[in-house]
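Each protein sequence line maps, in turn, to chains X and B. For the first sequence, position 12 matches number 201 in my numbering, and the numbering has no gaps at all. For the second sequence, position 182 matches number 371 in my numbering, and the numbering has no gaps at all.
In short, the hints are calculated from the structure, not lab data. Take the hints with a grain of salt, since some may be wrong.
When chains are identical, the list treats them as one kind, so a pair holds in a single copy or across two.
[Claimed, not checked] Simulated pairs of lysine-lysine, DSS-like, Cα-Cα distance not exceeding 30 Å: (1) K512 / K481; (2) K324 / K478; (3) K565 / K549; (4) K426 / K531; (5) K512 / K324; (6) K512 / K209; (7) K531 / K481.
Number of protein chains: 2
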Amino acid sequence: MPKEFFNVLPPDPALAEVFKHLPAAVQAEVIPTVEALDRVTAGPVPSPSALPAFPRSTMDGYAVRAQDTFGASATLPAYLNVIGEVPMGRAPTLTLSTGAAAIVHTGGMIPDGADAVVMIEHTQATRENEIEVVKAVAVGENVLRVGEDVAEGATVIEGGVRLRPQDLGGLMALGITSVAVAPRPRFGILATGDEVVSPESAGVGPGQIRDINSYSVSGLVERAGGIPVRYGIAPDKFESLLAISSRALSESDGLILSAGSSVSVRDMTGDVINRLGTPGVLVHGVAVKPGKPSLLAVCGGKPVFGLPGNPVSALVIAELFVKPTIERMQGLKTVVRHIRAKLTRNIASEAGREDYVPAKLIDRDGETFAEPVFGKSNLIFTLIRADGIIHIPLNANGLSAGEMVEVRLF
Amino acid sequence: MPKEFFNVLPPDPALAEVFKHLPAAVQAEVIPTVEALDRVTAGPVPSPSALPAFPRSTMDGYAVRAQDTFGASATLPAYLNVIGEVPMGRAPTLTLSTGAAAIVHTGGMIPDGADAVVMIEHTQATRENEIEVVKAVAVGENVLRVGEDVAEGATVIEGGVRLRPQDLGGLMALGITSVAVAPRPRFGILATGDEVVSPESAGVGPGQIRDINSYSVSGLVERAGGIPVRYGIAPDKFESLLAISSRALSESDGLILSAGSSVSVRDMTGDVINRLGTPGVLVHGVAVKPGKPSLLAVCGGKPVFGLPGNPVSALVIAELFVKPTIERMQGLKTVVRHIRAKLTRNIASEAGREDYVPAKLIDRDGETFAEPVFGKSNLIFTLIRADGIIHIPLNANGLSAGEMVEVRLF
Numbered sequence: 190m191p192k193e194f195f196n197v198l199p200p201d202p203a204l205a206e207v208f209k210h211l212p213a214a215v216q217a218e219v220i221p222t223v224e225a226l227d228r229v230t231a232g233p234v235p236s237p238s239a240l241p242a243f244p245r246s247t248m249d250g251y252a253v254r255a256q257d258t259f260g261a262s263a264t265l266p267a268y269l270n271v272i273g274e275v276p277m278g279r280a281p282t283l284t285l286s287t288g289a290a291a292i293v294h295t296g297g298m299i300p301d302g303a304d305a306v307v308m309i310e311h312t313q314a315t316r317e318n319e320i321e322v323v324k325a326v327a328v329g330e331n332v333l334r335v336g337e338d339v340a341e342g343a344t345v346i347e348g349g350v351r352l353r354p355q356d357l358g359g360l361m362a363l364g365i366t367s368v369a370v371a372p373r374p375r376f377g378i379l380a381t382g383d384e385v386v387s388p389e390s391a392g393v394g395p396g397q398i399r400d401i402n403s404y405s406v407s408g409l410v411e412r413a414g415g416i417p418v419r420y421g422i423a424p425d426k427f428e429s430l431l432a433i434s435s436r437a438l439s440e441s442d443g444l445i446l447s448a449g450s451s452v453s454v455r456d457m458t459g460d461v462i463n464r465l466g467t468p469g470v471l472v473h474g475v476a477v478k479p480g481k482p483s484l485l486a487v488c489g490g491k492p493v494f495g496l497p498g499n500p501v502s503a504l505v506i507a508e509l510f511v512k513p514t515i516e517r518m519q520g521l522k523t524v525v526r527h528i529r530a531k532l533t534r535n536i537a538s539e540a541g542r543e544d545y546v547p548a549k550l551i552d553r554d555g556e557t558f559a560e561p562v563f564g565k566s567n568l569i570f571t572l573i574r575a576d577g578i579i580h581i582p583l584n585a586n587g588l589s590a591g592e593m594v595e596v597r598l599f
Numbered sequence: 190m191p192k193e194f195f196n197v198l199p200p201d202p203a204l205a206e207v208f209k210h211l212p213a214a215v216q217a218e219v220i221p222t223v224e225a226l227d228r229v230t231a232g233p234v235p236s237p238s239a240l241p242a243f244p245r246s247t248m249d250g251y252a253v254r255a256q257d258t259f260g261a262s263a264t265l266p267a268y269l270n271v272i273g274e275v276p277m278g279r280a281p282t283l284t285l286s287t288g289a290a291a292i293v294h295t296g297g298m299i300p301d302g303a304d305a306v307v308m309i310e311h312t313q314a315t316r317e318n319e320i321e322v323v324k325a326v327a328v329g330e331n332v333l334r335v336g337e338d339v340a341e342g343a344t345v346i347e348g349g350v351r352l353r354p355q356d357l358g359g360l361m362a363l364g365i366t367s368v369a370v371a372p373r374p375r376f377g378i379l380a381t382g383d384e385v386v387s388p389e390s391a392g393v394g395p396g397q398i399r400d401i402n403s404y405s406v407s408g409l410v411e412r413a414g415g416i417p418v419r420y421g422i423a424p425d426k427f428e429s430l431l432a433i434s435s436r437a438l439s440e441s442d443g444l445i446l447s448a449g450s451s452v453s454v455r456d457m458t459g460d461v462i463n464r465l466g467t468p469g470v471l472v473h474g475v476a477v478k479p480g481k482p483s484l485l486a487v488c489g490g491k492p493v494f495g496l497p498g499n500p501v502s503a504l505v506i507a508e509l510f511v512k513p514t515i516e517r518m519q520g521l522k523t524v525v526r527h528i529r530a531k532l533t534r535n536i537a538s539e540a541g542r543e544d545y546v547p548a549k550l551i552d553r554d555g556e557t558f559a560e561p562v563f564g565k566s567n568l569i570f571t572l573i574r575a576d577g578i579i580h581i582p583l584n585a586n587g588l589s590a591g592e593m594v595e596v597r598l599f
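Bound-form chain X, shown alone:
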């Protein structure tokens, strides 16, 4: 293990340490279902009724009693009397007795006495109000049963689910026009650094750089379901950093500081965080490259992160720690899905830390390749040129060209 990683926690226990100090309960707010795309359900949603609520035809054809068709074939058809037509959108008034059939359209209600539908293609009109059925149907054939989609009282959607288009459709199908979801956590975002200026400012002098992290991290917070609130750039002075941080945290559910990159500024950030509430800084540094000098904290029940100043480190750490925390605050049951790809080049690494290397995905001859994008962690454009990051596990000694790797889209 490289000496510099001796005293820092691997990512999983580091994140667990943060979670341990966050409130266990997830809040809930009720919002209209039509506005709930991508929100996270606050609890399981039970079905108020069966779907469908009545037996429906899945075909255009004739509602029949299945036993009237048993044995029917092209050479020996069954003859049925057509006693009427099922209107769309209304309950049929007719009732089928033996030997009877009723015209029914796809989605139409099955009339009393009928238990199956013969497709129109398997019938022939013979005389007026009479058909030949040339193929037998079984009981229930071409019919949706009551509750076949969802039974009354069944769980429609579990809690902790990020609502997708089909989920909204399913809720509306049951008349569930409002739904309890987790509130979107508000995250204050504050940059520090005497060399950092707002991208909006007219002149950027020599020695100055524009703020990157406030904007990239805002995007990440938003994609994770949070609401980013930027508090600008604080000077590298303890009192002013503490004052702005206190206000930001009091107005938010969490706080993200993009700390300056030098050791002295980093130390100051840790001191400020410890003044924001207890228990304060829980993790001083993580066994991750890039991003080792990160601070993970909980202050008065709210998560606080001190990200490194380097834009690549800041965003990788935000992906690994901030994003799952925001998801956890919404109760989301996350599964991170990776894309498998073949590595195009060797990557060096050292056991004892997790490495994340930006990579471009290239599709060639039906195969997906991962091409590492090398560059210093100060270079935001290594992430812009990449489609994701390759994860090199804690105890691997690098990866070889041709190996299959997992790429986290990013």
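For this one, chain X is given, so just place chain B on it according to the hints.
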């Protein structure tokens, strides 16, 4: 090939037929970069300046002339005079001559005359204003060159890219505070069917069902970057359907009709679409299961879709045709990424059509399995219980348990 699929187009040529009739050019609007997350760039963005704009230190340490350290080691250190400190956020006023060093912090500007940085860990303070350097540095070591991140005039971000958090950061780093993106296409969405009622309506009578497709398709349009505008439910009458469709299309960039499921209503939908503009319906049915009876059209340069009434068919067809069309209207260069998983059960299929089977992803012993969710295409909950859809290619005769399949997250 199953007979019913004789006269219908496979998905790829069907989509190409739609694209051929859409305007080639993508529109552009200029918006603030801070609001541009997930928007698609309307063209390549050139860099107005080099990044970084001045040489910067990547470490806390001393700016030096590399050749003054050559040969330095713990036993034979190089001695350098510390002539001052580089302030953060300002250009240093000092200039290094031979044998000199200047304190520099991470992110600080490299002073004139210096060409490398010695990490503080590789130095020892000896006397006042003197250090021992115990490790040689090469020219450029621990220094970010001017333009190392991006050169002046280089393309920052290509056109047709959906902006991610890091892309926003990169734009802001260069002071690009507004960006030209494709407008979000507005899609009118209209349900039809005498049996369909609004989920908001108090009473749902026997024979009636609530509208699902307007809401699931709205979510899909939104996720693809479009703006869904719902026009409610039209009765199954030619004149009223035509009137509402005309108005919806005139107010939108495209139109999606969720047609009734019965053949007669479907035929009427096709007639209505043909009255909305030329060339009208281009594709009558696609070789896809579920969703064969779909209509793809372009009317007066705007795409129009007639989706099947079944909620699963409607959403699968929207995923396969509506989503790529919305993305194409924004100029997005799409690559659909799939998750590889091991199939848990056999799936039947027939050559001559593409099958899409909803599937749940299950992680077990470090492997990802795809468990098909079987059910009629009327059952919206088959999609709700699924994480994605398994694609069975046009000419496959089913898939066997244990095969590796590609799952499209959905």
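Which hints from the list above does the structure break, by number from lowest to highest? 4, 5
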